[in-house]
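Quick note on full-length UniProt numbering: the sequence shown kicks off at 1 and runs consecutively.
Just so you know, the hints here were simulated from the structure itself, not pulled from any lab data. Among the hints, a few may not be true.
[Stated by the list, open to error] Derived DMTMM-like pairs (lysine to aspartate or glutamate); straight-line CA-CA distance at most 20 Å:
| hint | residue 1 | residue 2 |
| --- | --- | --- |
| 1 | K85 | E73 |
| 2 | K91 | E73 |
| 3 | K226 | D75 |
| 4 | K41 | D124 |
| 5 | K226 | E73 |
| 6 | K85 | D75 |
| 7 | K226 | D76 |
[Claimed, not checked] Derived DEER-like restraints, expressed as beta-carbon distance ranges:
| hint | residue 1 | residue 2 | range |
| --- | --- | --- | --- |
| 8 | P210 | L34 | 35 to 41 Å |
| 9 | A218 | Q42 | 37 to 43 Å |
| 10 | L39 | G197 | 21 to 27 Å |
| 11 | G197 | D76 | 47 to 53 Å |
| 12 | L222 | M1 | 17 to 23 Å |
| 13 | L106 | S204 | 28 to 34 Å |
| 14 | R18 | P210 | 30 to 36 Å |
| 15 | P202 | V80 | 42 to 48 Å |
| 16 | V214 | T122 | 32 to 38 Å |
| 17 | G102 | I207 | 24 to 30 Å |
| 18 | V214 | R153 | 22 to 28 Å |
| 19 | A206 | T72 | 34 to 40 Å |
Backbone N, C-alpha and C fix where the C-beta goes; we use that ideal spot for every residue, glycine too.
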Amino acid sequence: MNLTVARLTVRGLLGRRRGLLLLVAPVLLLVVSLIARYLDKQSAAPEILGRLSLGTLVPILGLVIGTGVIATEIDDGSIVYLLAKPLPRWKIITTKLAVAIGTTSLFAAVPTLLAGFVLVGTQDNLAVAYAVGTLVAGAAYSAVFLLLGVVTRNAVVVGLAYALVWESLIGNFVEGARTLSVQQWGLSLAETVAAEGAITAPVSLAIAVPLLVVVALAATALATVKLAGLTLSSDE
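All chains, please: the whole structure from these sequences, using the hints.
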């Protein structure tokens with residue numbers, strides 16, 4: 001990890017009011033949780049923490065953050081100055097990925113944990129379970145959307161279509177497609193952490209963990225290769 005690249009990436013990602021915009025999703029989650037608790041609707045916890053947080057807010061935040069750590073630099077051409085430095089391309093990608101994962105965790109996993117405690121306290125370990133699910137799903141989303149930010153200038157459009165169509169619709173309601181849903185992989189991890197029977201995941205842990213690892217590593221490796229190709233194009 002390169003600290004200079006990390007610092008510049010954080011500045012570009014959270015500067016110019018972007019940090020305030022990223023707060024909208026976690027604030028919404030906490031407000032909904034407080035309202036549910038006030039109305040004594042703790043039974044809504046799986047819907048709020050599962051569907052709203054893990055199923056909707058995490059992929060959207062992962063998209064905004066994952067593409068934001070590099071797509072903007074590619075679009076405005078400033079990536080050329082970074083690529084001109086004697087830095088291995090894999091180090092640039094892994095540093096930006098680390099920033100993306102850390103930021104997604106801050107704006108998704110932490111609010112999910114707090115929302116869980118607001119809703120049900122420590123009951124069935126649901127707060128920690130869904131926080132773990134959002135953490136691992138957020139990491140996978142960050143890698144996938146970082147790759148999109150490198151390979152296409154329409155990363156946000158493509159990523160939004162993926163997040164809304166595949167993850168929110170097909171991945172939730174088409175049984176066979178759930179095996180290839182990042183959201184369902186995160187839910188599988190959540191099921192393992194929660195008390196027995198508190199969460200039901202359609203994808204087994206033995207399938208979810210290898211797929212999470214393979215997707216994250218493959219996306220990172222491919223992003224590195226594509227960035228190296230972008231270097232050659234820039235040099236030419």
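Pair hint outcome, K85 versus E73 [Cα-Cα no greater than 20 Å]: Judged against 20 Å, a Cα distance of about 15 Å means the pair holds.
20 Å Cα cutoff - pair K91, E73: holds, 16 Å
Restraint check for K226 with E73, where alpha carbons must lie at most 20 Å apart: holds, 15 Å
C-beta pair L39, G197: status relative to the range 21 to 27 Å that was hinted: 25 Å Cβ-Cβ, so the 21 to 27 Å window holds.
Range agreement (Cβ of I207 with Cβ of G102, hint 24 to 30 Å): holds, 27 Å
CB-CB spacing for T72 and A206 relative to the 34 to 40 Å hint: Between A206 and T72, where Cβ atoms are some 38 Å apart, the hint holds.
K226 paired with D76 [C-alpha distance capped at 20 Å]: Since the Cα atoms of K226 and D76 sit roughly 17 Å apart, the hinted pair holds (cutoff 20 Å).
Outcome for the supplied range 35 to 41 Å, where the beta carbon pair is P210 and L34: Distance hint for P210, L34 holds at roughly 38 Å.
Pairwise beta carbon distance, A218 to Q42, judged against the given window 37 to 43 Å: holds, 39 Å
R18 versus P210 beta-carbon gap, inside 30 to 36 Å or not: holds, 34 Å
Agreement of K226 and D75 with the hint, judged by alpha carbon distance not exceeding 20 Å: holds, 15 Å
Range hint compliance [Cβ, L222 to M1, 17 to 23 Å]: holds, 20 Å
No hint from the list above goes unmet by this structure.
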